[in-house]
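A.B. asks: The chain contents come next:
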Amino acid sequence: MISPRILVRTYLSPLIGTTAWFLQRVTGLLLLFYLLLHVETVHQLSAGPAAFDRAMAAFKNPLFRLLEIGLLGVVILHALNGIRIMVIDFGVATRHQKRLFWGLAVIAGTLIFIAGAVPLFLHSVMGR
Amino acid sequence: MSRNALAWYMQRITGALLVPLLIAHFWVEHFMNATLMRGDLSYEVILTRIANPWWQAIDISFLLIALYHGLNGLYSIVLDFGKIGPRGANITATILVIIGVAWAFWGVMAFHNL
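Note that the protein sequences, when read in sequence, are chains A and B. Each residue of the first sequence is one higher than the last, beginning at 1 in the working numbering. Each residue of the second sequence is one higher than the last, beginning at 1001 in the working numbering.
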């Protein structure tokens, strides 16, 4: 009987590093695409108050509010996984990188995401 | 240091800089008070903040660092596919720099009428 611990180590653990690497690239591309749209919206400041507030009004519907909360999640994932990559690259805790992924990107990420998403959801999605 | 090694270092340095900048950005635009948490960020609110030249400097630095980090990340994704040689890498880098300069200009111009 093979212990579950060995099964996880053999089949699941090697996937975690690759998954983290892949997620970092996908979230990075998403954020770069978002930055393009974001700069376009912010550029409307130069067209005066009416134009800017009109541009912002387009994001007032609940769908965009939910997407905004999703954006927060993507940012947190990318940032924490990025910190994990730096910690590994600078040679700290090389032996613990998988635990770091779970610890930082998943557990801390979920906690920070909840701390940010709950007030946003209550105010911007439910509050209107 | 080769260009790729420099790009590797810069990705880590800019990434580390982006973390506090991003937290500050989210705080002042989305979390500081109930109006912002509702998502009602108005021209007036931004104008008041931007009147402080330090905030202008922070916002512009934030944009430039984020753009560098994003496009440099895109550059390393392109290189990771391993399909292009040194010449292709040069062409890609040149295109990304041009895109970055135009993008930065468009962003900074947001402030020119305030």
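In case anyone wonders, no lab produced these hints; they're calculated from the structure. Where a beta carbon is used, it is the ideal one built from N, C-alpha and C, also for glycine. There could be a bad hint or two in this list.
Covered stretches of chain B (in silico footprint by chain A; criterion: 3 or more residues with CB under 8 Å from a CB of chain A, positions within the stretch not fixed) [to be verified]:
# : stretch
1 : 1013 to 1023
2 : 1068 to 1076
3 : 1088 to 1102
4 : 1105 to 1113
A.B. asks: None of the hints should be skipped; say for each whether it holds.
C.D. replies: Taking the hints in turn, this is what the structure says about them:
With a cut-off of 8 Å between beta carbons, the stretch 1013 to 1023 of chain B has 5 residues touching chain A; three or more are needed, and the interface restraint holds. For the stretch 1068 to 1076 of chain B, the assignment as covered by chain A holds, since 4 residues bring a beta-carbon within under 8 Å of that chain's beta-carbons and 3 suffice. For the stretch 1088 to 1102 of chain B, the stated coverage by chain A is not satisfied: 0 residues place a CB nearer than 8 Å to a CB of that chain, which falls below the threshold of 3. Residues of the stretch 1105 to 1113 of chain B with a Cβ under 8 Å from some Cβ of chain A number 7, which satisfies the need for three, so the listed coverage holds.
Comparing the model with each earlier hint shows a violation of hint 3 alone; every other hint is respected.
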